[in-house]
Amino acid sequence: MNNQTALQSLNDCSIELDKLQKIIEVFGQSHSIVPFLSNYAVIKCCGTIENCFKIIISDFHNSLPPQAKNYIENTFLYSSMNPSKENICKSLKKFDKQWNINFKAKLASEIDTNRIESSLSSLNEARNTFAHGSNPGVSFC
534 MNNQTALQSL NDCSIELDKL QKIIEVFGQS HSIVPFLSNY AVIKCCGTIE NCFKIIISDF
594 HNSLPPQAKN YIENTFLYSS MNPSKENICK SLKKFDKQWN INFKAKLASE IDTNRIESSL
654 SSLNEARNTF AHGSNPGVSF C
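In short: position in the sequence shown from 1, add 533, done, that's our numbering.
Bear in mind the hints are in silico, worked out from the structure with no lab data behind them. Glycine included, C-beta positions come from ideal geometry on N, C-alpha and C. Just to be clear, a hint being listed does not mean it is correct.
Unchecked claim - List time: in silico DSS-like cross-link candidates among lysine-lysine, alpha-carbon distance up to 27 Å:
(1) K577 x K555
(2) K630 x K602
(3) K552 x K587
(4) K626 x K637
To be verified - Have a look at the derived ranges for each label pair, beta carbon to beta carbon:
(5) F560 x N668: 14 to 24 Å
(6) N668 x V559: 15 to 25 Å
(7) S563 x N635: 44 to 54 Å
(8) S563 x K627: 15 to 25 Å
(9) F569 x S596: 41 to 51 Å
(10) P599 x K552: 37 to 47 Å
Take these sequences, add in the hints, and give me the full structure.
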């Protein structure tokens, strides 16, 4: 990855997830705190993915005229979105169709493409379930 800020954010999230895993190991999977920690992990992961995506996009807007920069900041960078593959692709396409094509090609070239896509989908589904007042029933493993 070329963006060191996004890379650091991903590393920080990974470290935090490792800490959560250790806490869960101490308490045991059946402890009442585990669902709360698992839901926190879902929100943390989704937020980190969304933030990293926006950090990477912001690299391209810094050299724009103030009006264009303001528009991108207010409609994209400072807005909230689920970091689903579909939302990422739609956002990229709004900037440049080729960015979307490149993203899909890069994703397709990954060894675990199906796992990456299904994990991202599961994270977003769990996040939405929790955000709308239900229990996603995720486990931390």
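Each hint, compared with the structure:
Distance check on the hinted pair: K577 and K555 sit about 16 Å apart at the alpha-carbon level, within 27 Å; holds. Restraint check for K630 and K602: satisfied, since their Cα atoms lie roughly 19 Å apart, inside the 27 Å limit. Taking the CA atoms of K552 and K587, the gap is near 26 Å; set against the 27 Å cutoff, the hint holds. Using a Cα cut-off of 27 Å, the hinted pair K626 and K637 holds, with the two alpha carbons roughly 11 Å apart.
At about 18 Å, the beta-carbon gap between F560 and N668 stays in the expected band of 14 to 24 Å. Distance hint check for N668 and V559: the Cβ-Cβ separation is about 23 Å, which falls inside the suggested range of 15 to 25 Å. Taken as a hint, the range 44 to 54 Å holds for the pair S563 and N635, whose Cβ atoms sit roughly 45 Å apart. The hinted range of 15 to 25 Å is not satisfied by S563 and K627, whose Cβ atoms lie roughly 46 Å apart.
Taking 41 to 51 Å as the suggested C-beta distance range, the pair F569 and S596 conforms, at roughly 43 Å. The beta-carbon spacing between P599 and K552, approximately 41 Å, falls within the hinted interval of 37 to 47 Å.
In this structure, only the earlier hint numbered 8 is contradicted, and the remaining ones agree with it.
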